[in-house]
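Participant: Line by line, the protein sequences are chains S and Y.
Start counting the first sequence at 1; every next residue gets the next number (this note's numbering).
Start counting the second sequence at 1; every next residue gets the next number (this note's numbering).
If you're looking for bench data, these hints aren't it; they were derived computationally from the structure.
One should not assume that every hint holds.
Which copy is meant is left open, so a pair is good if it fits within one copy or across any two.
Below are the SDA-like pairs computed for lysine to any residue, each with C-alpha atoms no more than 20 Å apart in a straight line [claimed, not checked]: (1) 390 / 339; (2) 33 / 350; (3) 64 / 301; (4) 390 / 321; (5) 2 / 121; (6) 22 / 37.
There are 2 protein chains.
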Amino acid sequence: MKINENYLKLEQSYLFTNIGRKVSAYQAEHPDKKIIRLGIGDVTLPLCPAVIDAMHAAVTEMGKAETFRGYGPEQGYDFLRNAVRDYYAQRGVQLKSEEIFISDGAKSDIGNILDLFSADNTVLIPDPVYPVYVDTNIMAGRKILYMDANEKNGFLPLPDPAVKADIIYLCSPNNPTGAVYNRQQLKAWVDYALDCGAVLLFDAAYECFIHDPALPRSIFEIEGARRCAIEFCSFSKTAGFTGTRCGYTVVPEELEFEGASLNKFWLRRQTTKFNGVPYIVQRGAAAVFTPEGQEQIHKNIEYYMENARAIAGAMRNLGIWFTGGENSPYIWLKCPGGRSSWEYFDYLLEEKNIVGTPGAGFGKNGEGFFRLTAFGSREATLEAIERLSK
Amino acid sequence: MKINENYLKLEQSYLFTNIGRKVSAYQAEHPDKKIIRLGIGDVTLPLCPAVIDAMHAAVTEMGKAETFRGYGPEQGYDFLRNAVRDYYAQRGVQLKSEEIFISDGAKSDIGNILDLFSADNTVLIPDPVYPVYVDTNIMAGRKILYMDANEKNGFLPLPDPAVKADIIYLCSPNNPTGAVYNRQQLKAWVDYALDCGAVLLFDAAYECFIHDPALPRSIFEIEGARRCAIEFCSFSKTAGFTGTRCGYTVVPEELEFEGASLNKFWLRRQTTKFNGVPYIVQRGAAAVFTPEGQEQIHKNIEYYMENARAIAGAMRNLGIWFTGGENSPYIWLKCPGGRSSWEYFDYLLEEKNIVGTPGAGFGKNGEGFFRLTAFGSREATLEAIERLSK
Chain S
1 MKINENYLKL
11 EQSYLFTNIG
21 RKVSAYQAEH
31 PDKKIIRLGI
41 GDVTLPLCPA
51 VIDAMHAAVT
61 EMGKAETFRG
71 YGPEQGYDFL
81 RNAVRDYYAQ
91 RGVQLKSEEI
101 FISDGAKSDI
111 GNILDLFSAD
121 NTVLIPDPVY
131 PVYVDTNIMA
141 GRKILYMDAN
151 EKNGFLPLPD
161 PAVKADIIYL
171 CSPNNPTGAV
181 YNRQQLKAWV
191 DYALDCGAVL
201 LFDAAYECFI
211 HDPALPRSIF
221 EIEGARRCAI
231 EFCSFSKTAG
241 FTGTRCGYTV
251 VPEELEFEGA
261 SLNKFWLRRQ
271 TTKFNGVPYI
281 VQRGAAAVFT
291 PEGQEQIHKN
301 IEYYMENARA
311 IAGAMRNLGI
321 WFTGGENSPY
331 IWLKCPGGRS
341 SWEYFDYLLE
351 EKNIVGTPGA
361 GFGKNGEGFF
371 RLTAFGSREA
381 TLEAIERLSK
Chain Y
1 MKINENYLKL
11 EQSYLFTNIG
21 RKVSAYQAEH
31 PDKKIIRLGI
41 GDVTLPLCPA
51 VIDAMHAAVT
61 EMGKAETFRG
71 YGPEQGYDFL
81 RNAVRDYYAQ
91 RGVQLKSEEI
101 FISDGAKSDI
111 GNILDLFSAD
121 NTVLIPDPVY
131 PVYVDTNIMA
141 GRKILYMDAN
151 EKNGFLPLPD
161 PAVKADIIYL
171 CSPNNPTGAV
181 YNRQQLKAWV
191 DYALDCGAVL
201 LFDAAYECFI
211 HDPALPRSIF
221 EIEGARRCAI
231 EFCSFSKTAG
241 FTGTRCGYTV
251 VPEELEFEGA
261 SLNKFWLRRQ
271 TTKFNGVPYI
281 VQRGAAAVFT
291 PEGQEQIHKN
301 IEYYMENARA
311 IAGAMRNLGI
321 WFTGGENSPY
331 IWLKCPGGRS
341 SWEYFDYLLE
351 EKNIVGTPGA
361 GFGKNGEGFF
371 RLTAFGSREA
381 TLEAIERLSK
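With the rest of the complex left out, here is chain S (with noise of 0.2 Å):
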């Protein structure tokens, strides 16, 4: 048998291995230092009321034989379905249930997509990058193109019409920079792509923590976006599910590529190497978009906003320039002094007690940078704010 060679290329990513053996090593030497962790990616509150009730009500009908749930089907339960559609609808976007496919999450769907498209197709992905995009991309043996993201353009790089690209990854707001494509700038890359015949993979996990209503949440807002972009979103910012694994990917009914519709092809690979996502958790997922779950996660997105401002205030005050914290749970500064990530890691762990992640983790654009996120809690989060203004 004939191994993938491809996976022989992947680098092994050391950044979080690296940071918790810094911290670990710090701690050990200093076991009196309160340590303050502001690199976590992971929400940190709990389910709001309205899905642990959806929840516990979707366990009791699992155990009764008149209200247990078997298979369902593979792209979603229509109640889950038709909730996307219609908080899409609310901000303009009309989509068809049947152009939303109910996922375990983001990452999953933004792996799996790759099967749709011919390994013979060149990939443009910005840099600094989630890792996840590259990777996915290596493992079946793609051509990359990186297209850099940094200070000069707010690390949001535009199309370079020079540059050719067949898939081309966007993610706004933008993990790891917290930058957000406003509506032109998103309008040139989806006329690019149609110019380009290239497919937009548009990641949108954080849309929920856009608050400007001038900046699109959604690339299906873009004039344009239905005949070249496929969405992904997620529960696990919006509503707290990182553990609980729910998400759905957007495929509009026009888009086409050489006459093969990828909404099809897309239900056909889902149908054929899925099973769907747990009755239960769907359950959950759907009670988000009550008015009741509506009102209780956006508490907790708000919760989370507030640190964010406060961190963004803080290196305005402090004259650092960064990037995010006002429509994104992300900030990304650049390291004062001229250092490096690692040397800026190393600064804040021994210096303030503050655990950050290293830019340079991301890519080598992130050399320089640093990333602090808004999901521990208030009182840890003033008191890292404090201890950084010191």
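Please build the complex by placing chain Y on the supplied structure of chain S, with the hints as guidance.
Facilitator: Frame of chain S; chain Y shown alone:
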């Protein structure tokens, strides 16, 4: 963008669509007739109380800050990996927890495991077959060879030394035929795989229906299998998880090809393209392995197996040749009177008001055969037997 043209080679399966259409048409014309469905491949008994209690407790945990769980390990929580390890150990199969990967079901993993293998491999698949084995390889553009399962070999094909393959699928107890390989037969497959340098993909989704202690329930009961086999298993049929979604895949540490460890490859694939099974579901699955859970699921399995034995007994009385029904929830029968699969389907529907599944839908060797399942209620099963026996 260039699509994956292999998707264009997939054949649409109209098997269950055609069955549904015929049943609806008959019912519309004969609204007074009570149709019994013995074609169902889904479980019908609700989740057992131990699982329900564990999931309620886990939902409650997710609603409180102190016990909330965010991202878990992609390969599953230790509490569940260890429980699966101990389950194997009870049958004398020693596994490490690190060799067990918790998944959202066998179907997903059987599809996704192919990521690890070059497209330039030859695949050997039995006919008749669970269609997922075929379609996932067509999607990847692999060359497929079929091995004949038929009345002569009891639907248990053995290796043909003249045929060389790289990836071999075995399913025992088999879906759709219910046939079960014995130890000696599986040993022949393991020896052949080791000899060819092939990987065996062993689908053990129905292992819990094996009551005969002489029959192997895991490929890892066979000497040498740790160097050539991957095993897929599921809580779907074992514990009624078809709508709850949990399974596990065993990739031994010794499994190496071209010096690469498939265990490490699979870990990399899962950490890159998957984010784990919901915490709540993993707690439910772990409860299956508690003493109460085991007692409760065995009661359910026994319920289905009484149905299976009743159907098998009726076949014997009617002098109909069949496989399965003893150590499997499927009964695969030779259509009496030389009828084709669909002729027998029409006969059963129209004359006996019983719905089953035409064997022709599972491959060319399924023609002239028919699948009945034990997943109906006792009452419906016994009434169907009475109708058949008249």
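Participant: What label fits residue 390 with residue 339 when the C-alpha limit is 20 Å: within, between, both, or neither?
Facilitator: Close inside one copy (19 Å), not across copies (87 Å); limit 20 Å.
Participant: Between copies, within a copy, both or neither: which fits residue 390 and residue 321 at Cα up to 20 Å?
Facilitator: Classified as within; 18 Å inside a copy, 85 Å across copies.
Participant: When Cα atoms must be at most 20 Å apart, do residue 22 and residue 37 count as within-copy, between-copy, both, or neither?
Facilitator: Within one copy, since 13 Å is at most 20 Å while 62 Å is not.
Participant: Between copies, within a copy, both or neither: which fits residue 64 and residue 301 at Cα up to 20 Å?
Facilitator: between (36 Å within a copy, 17 Å between copies)
Participant: Indicate which option fits the pair residue 33, residue 350 if close means a Cα-Cα distance not exceeding 20 Å: within, between, both or neither.
Facilitator: Only inside one copy: residue 33 and residue 350 sit 10 Å apart there, 79 Å across copies, limit 20 Å.
Participant: Within a copy, between copies, both or neither: where do residue 2 and residue 121 come within 20 Å Cα-Cα?
Facilitator: between (23 Å within a copy, 6 Å between copies)
Violated hints for the displayed structure: none, as all numbered hints are satisfied.
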